[in-house]
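J.: Sequence:
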Amino acid sequence: MTFVSRAPTLRDAAKIMAELDVGALPVGENDRLVGILTDRDIAVCAIAQGKGADAKVRDAMTSEICYCFEDEDAEHVLANMGDNKVRRMPVLDQNKRLCGILSLSDLALDARRDQLGHTLSQVSEPGGHHSQTTH
Numbered sequence: 036m037t038f039v040s041r042a043p044t045l046r047d048a049a050k051i052m053a054e055l056d057v058g059a060l061p062v063g064e065n066d067r068l069v070g071i072l073t074d075r076d077i078a079v080c081a082i083a084q085g086k087g088a089d090a091k092v093r094d095a096m097t098s099e100i101c102y103c104f105e106d107e108d109a110e111h112v113l114a115n116m117g118d119n120k121v122r123r124m125p126v127l128d129q130n131k132r133l134c135g136i137l138s139l140s141d142l143a144l145d146a147r148r149d150q151l152g153h154t155l156s157q158v159s160e161p162g163g164h165h166s167q168t169t170h
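Note that the numbering used here has the sequence shown beginning at 36, numbered continuously upward.
What the hints contain is simulated information worked out from the structure, not anything from laboratory work.
Treat each hint with caution, since some may be false.
Pairs of lysine to any residue, SDA-like flavour, derived with a Cα cap of 20 angstroms [what the hints assert, rightly or not]:
1) Lys120 to Ser98
2) Lys120 to Asn130
3) Lys50 to Ala78
4) Lys86 to Pro43
5) Lys86 to Phe104
6) Lys91 to Glu107
7) Lys50 to Asp74
8) Lys131 to Asp108
9) Lys120 to Ala90
10) Lys91 to Leu139
11) Lys91 to Thr44
12) Lys50 to Ala90
13) Lys50 to Ala88
14) Lys120 to Asp89
15) Lys50 to Thr37
16) Lys131 to Phe104
17) Lys86 to Cys101
18) Lys50 to Asp89
19) Lys131 to Pro43
20) Lys131 to Asp94
21) Lys91 to Phe104
22) Lys50 to Phe38
23) Lys120 to Ile100
24) Lys86 to Met52
25) Lys86 to Ser40
26) Lys131 to Ala143
27) Lys50 to Ile82
28) Lys131 to His111
29) Lys91 to His111
30) Lys91 to Arg75
31) Lys120 to Ala78
Cβ-Cβ distance ranges computed for the label pairs, FRET-style [said to hold, decoys possible]:
32) Ala109 to Val57: 29 to 37 angstroms
33) Ser138 to Val79: 14 to 22 angstroms
34) Ser40 to Lys131: 17 to 25 angstroms
Just so we're clear, the structure is a prediction, and the values are computed from it rather than from any experiment.
By construction, the Cβ of each residue, glycine as well, lies at the ideal position given by its N, Cα and C atoms.
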């Protein structure tokens, strides 16, 4: 899995998102995860606050990252997503190297219906630690 660095512009990051058809990009430095940039970060945290497309990724990314490990139980990951109100979570190996990104929809097929509903409800509540209002 590759990273985008903190230096490219939001325009560059948006182009990468469009090419890959994804809504989030991991941000890395020296082979380590240092943040995540979502399409919502670009729209709500950057553009809505007057930052232009030439602003840097570091100006809009979330640096406090909720992540999971590749061997974690799906129910535990789903509960963490709900508690932290995130729809996507980077997946790290035991050496804390990025090996993927897990989305709520990835877990939907694996989760019990009641647990999925609870997590969706939590994620959909406004605010929270990883809300765009914290930028």
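J.: Among all the numbered hints in the text so far, which are the ones the structure does not match?
T.: Numbers 2, 5, 6, 9, 10, 14, 17, 19, 20, 21, 26, 29, 32, in rising order.
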